[in-house]
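Per our numbering, the sequence shown starts with residue 18, numbered consecutively.
Since the hints were made in silico from the structure, they are not lab data.
Take the hints with a grain of salt, since some may be wrong.
[Claimed, not checked] Cβ-Cβ distance ranges computed for the label pairs, FRET-style:
#1 Leu-73 to Ile-188: 36 to 44 Å
#2 Val-50 to Gln-182: 37 to 45 Å
#3 Gly-123 to Arg-199: 19 to 27 Å
#4 Val-50 to Gln-226: 12 to 20 Å
#5 Gln-196 to Leu-77: 39 to 47 Å
#6 Lys-43 to Thr-181: 26 to 34 Å
#7 Gln-182 to Ile-69: 38 to 46 Å
#8 Arg-199 to Lys-21: 31 to 39 Å
#9 Leu-45 to Leu-187: 25 to 33 Å
#10 Pro-46 to Pro-249: 41 to 49 Å
#11 Lys-43 to Asp-92: 24 to 32 Å
Note that CB positions come from ideal geometry on N, CA and C, so glycine has one too.
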Amino acid sequence: MYGKAMQEKLERVEMGLGMLGSFGGKNLPTDVVRNRPVIFVHGITYRAGNWIPIHLHFSLNGYNSMELYATTWGDGGITPLCEKTFTCQDVKQIRDFIIAVAEYTGSEVDIVAYSGGVAISRKAILGGACVDMPGEELGERLTGYVNTFVAVAGVAFGMETCLTQKGGNLINGVNCNSQYMRDINFPDNRYEGKFSYYIYSDTDEIIGQQCCGKLCPELKNAMGFSRQTNMPHANVILMTEDVQLKMIQHLWKNV
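Sequences and hints are given; from them, build the entire structure.
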């Protein structure tokens with residue numbers, strides 16, 4: 018459907034063998050979609066393979082390979098955290114992946130995004146002009162493709178760290194005053210999907226707490242949230258797998 022070039026772009030085999038660069042799709046011709054497909058979007062220094070523990074948890078709870086997807090955006094952690102910016106190329110990677118999975122499965126999708134992946138996937142859904150390449154148009158919003166969006170320890174309003182380095186620049190950096198962060202937080206309506214939730218830790222040493230008068234990981238217009246206590250940034254994604262599952266199944270009540 019998409020051709021070899023798009024397939025190679027989304028598979029990211031250069032990230033490593035097996036599920037390291039990407040995963041998802043039919044194992045057998047008879048495989049069918051019973052659950053809404055879930056797209057996992059990793060953080061700045063991660064790659065698709067970092068989702069393997071979450072993939073296992075969802076698999077043990079009734080999901081199959083045609084319902085669990087991830088690709089790698091960025092360079093898989095080669096660039097240090099505070100040097101990485103949110104580029105048009107990164108956004109297009111996730112935007113193309115969302116469209117591809119939705120069309121491949123013939124279904125709405127759910128998205129679970131972590132850390133910097135929250136900022137990337139929100140812009141991928143929002144569309145419009147790329148912040149770092151204003152002449153490059155992404156297209157219309159993808160809101161209709163997404164049922165539920167879950168932000169986990171996310172760069173939602175920004176980050177308190179990295180502000181004096183390249184990754185904290187005022188164009189496409191994590192600074193809450195950057196053009197990029199202002200762009201994805203400008204809409205007053207929920208555009209990430211029909212439903213949205215966020216999970217955060219009150220002791221997140223990477224994301225921080227205060228971003229331009231807002232809670233850094235708070236997802237604007239979200240319907241619910243889960244607050245974790247005494248949990249470092251890297252643990253939030255791994256220790257809230259049950260919460261993530263309940264949120265996409267619309268079984269979550271705020272805690």
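Status of each hint after checking the structure:
1. Hint check: Leu-73 to Ile-188, Cβ distance near 38 Å, so the stated range 36 to 44 Å holds.
2. For the hinted restraint 37 to 45 Å between Val-50 and Gln-182, the CB-CB distance of approximately 42 Å keeps it satisfied.
3. Between Gly-123 and Arg-199 the CB atoms are about 36 Å apart, so this pair departs from the stated range of 19 to 27 Å.
4. As the Cβ distance of Val-50 to Gln-226 is approximately 39 Å, the hint placing it in 12 to 20 Å is violated.
5. As the Cβ distance of Gln-196 to Leu-77 is approximately 42 Å, the hint placing it in 39 to 47 Å holds.
6. Taken as a hint, the range 26 to 34 Å is violated for the pair Lys-43 and Thr-181, whose Cβ atoms sit roughly 47 Å apart.
7. Checking the proposed 38 to 46 Å range against Gln-182 and Ile-69 shows it is violated: the Cβ atoms sit about 30 Å from each other.
8. Taking the beta carbon of each, Arg-199 and Lys-21 are about 38 Å apart, inside 31 to 39 Å as hinted.
9. Between Leu-45 and Leu-187 the C-beta distance comes to about 50 Å, which lies outside the given range of 25 to 33 Å.
10. One distance hint, 41 to 49 Å for the beta-carbon pair Pro-46 and Pro-249, holds here, with the actual separation near 43 Å.
11. Under the hint 24 to 32 Å, the C-beta atoms of Lys-43 and Asp-92, about 29 Å apart, fit the expected range.
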